[in-house]
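Asker: What follows is the residue order along each chain.
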Amino acid sequence: AQSVTQLGSHVSVSEGALVLLRCNYSSSVPPYLFWYVQYPNQGLQLLLKYTSAATLVKGINGFEAEFKKSETSFHLTKPSAHMSDAAEYFCAVSDGTGGYNKLIFGAGTRLAVHP
Amino acid sequence: DAGVIQSPRHEVTEMGQEVTLRCKPISGHNSLFWYRQTMMRGLELLIYFNNNVPIDDSGMPEDRFSAKMPNASFSTLKIQPSEPRDSAVYFCASSSNWSEGWQYFGPGTRLTVT
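Chains as they are written, first to last, in my numbering: chain A, 1 to 115; chain B, 1 to 114.
Hint data in this document are derived by calculation from the structure and do not stem from the laboratory. It should be emphasised that the depicted structure is a prediction, and the values quoted were computed from it without experimental measurement. All C-beta atoms in this analysis are idealised placements derived from N, C-alpha and C, irrespective of residue type, glycine included. The reader is advised that the hints may include incorrect statements.
To be verified - Far from chain B, by Cβ distances over 10 Å, these chain A residues were calculated: (1) S12; (2) G16; (3) L20; (4) S26; (5) S28; (6) A54; (7) E64; (8) H75; (9) M83; (10) S84; (11) A86; (12) G108; (13) L111; (14) V113.
To be verified - Estimated spans, in silico, between C-beta atoms of each pair: (15) A:P40 - B:A2: 20 to 30 Å; (16) A:S9 - B:F74: 27 to 37 Å; (17) A:H10 - B:H10: 21 to 31 Å; (18) A:R110 - B:Q17: 27 to 37 Å.
Unchecked claim - A short, non-exhaustive set of chain B residues, derived as facing chain A with CB atoms under 8 Å: (19) L43; (20) S95; (21) G101; (22) F105; (23) G106; (24) P107; (25) G108.
Kindly produce the complete structure, drawing on both the sequences and the hints.
Answerer: Structural data, given as structure tokens:
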């Protein structure tokens with residue numbers, strides 16, 4: 001069965017520092033992987049997705065993620081954090097069954113950015 | 001497109017009352033998902049539909065919860081009777097791509113049961 005583990009429920013960085021949010025997955029089929037961002041009092045917004053094309057995926061707001069099959073990882077990075085990046089980030093893997101688009105979400109990582 | 005539309009955005013009700021949450025998916029999307037988000041339990045999938053048919057309702061917590069999708073442009077999630085522990089943010093999401101799985105989320109309904 002598919003599953004997602006996000007290491008670190010809270011991450012704090014300084015403005016301008018590297019952002020690294022970790023995600024490991026388990027999947028019995030070639031996975032489709034996603035990162036979503038949730039700003040306070042808002043719904044989840046798709047940040048980027050991996051669907052078996054290039055392993056390095058670029059998303060919105062300067063974020064990118066690299067799919068590493070050997071490590072079963074899909075970590076999210078951004079070279080320089082901005083105050084506006086403070087939000088909760090969710091990694092998700094497609095369920096892979098029946099084509100119904102069900103996603104399995106990780107528990108989320110709350111990113112804090114301080115001056 | 002206006003995106004996924006949910007109403008109401010906020011709902012405050014008393015314990016024992018019936019609550020109905022509404023969702024309009026993005027036009028052309030054929031899958032619809034209802035989620036619940038709380039601090040304690042995080043994001044939980046309650047039920048999802050494909051082509052208006054419920055596919056998996058194993059996440060529905062109790063018989064007090066029910067969901068319908070009478071047509072491709074409308075879905076409801078009903079709680080009857082409501083309890084304080086149902087207080088949460090309820091999200092609706094829709095999707096159109098069978099092979100890639102990405103979902104578009106609505107803004108959510110914040111439900112408070114007193």
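Asker: Against this structure, judge whether each hint is valid.
Answerer: Checked hints:
no.	hint	verdict
1	S12	holds (19 Å)
2	G16	holds (30 Å)
3	L20	holds (21 Å)
4	S26	holds (16 Å)
5	S28	holds (15 Å)
6	A54	holds (14 Å)
7	E64	holds (17 Å)
8	H75	holds (19 Å)
9	M83	holds (23 Å)
10	S84	holds (19 Å)
11	A86	holds (17 Å)
12	G108	violated (6 Å)
13	L111	holds (16 Å)
14	V113	holds (21 Å)
15	A:P40 - B:A2: 20 to 30 Å	holds (22 Å)
16	A:S9 - B:F74: 27 to 37 Å	holds (36 Å)
17	A:H10 - B:H10: 21 to 31 Å	holds (27 Å)
18	A:R110 - B:Q17: 27 to 37 Å	holds (33 Å)
19	L43	holds (5 Å)
20	S95	holds (4 Å)
21	G101	holds (4 Å)
22	F105	holds (4 Å)
23	G106	holds (6 Å)
24	P107	holds (5 Å)
25	G108	holds (5 Å)
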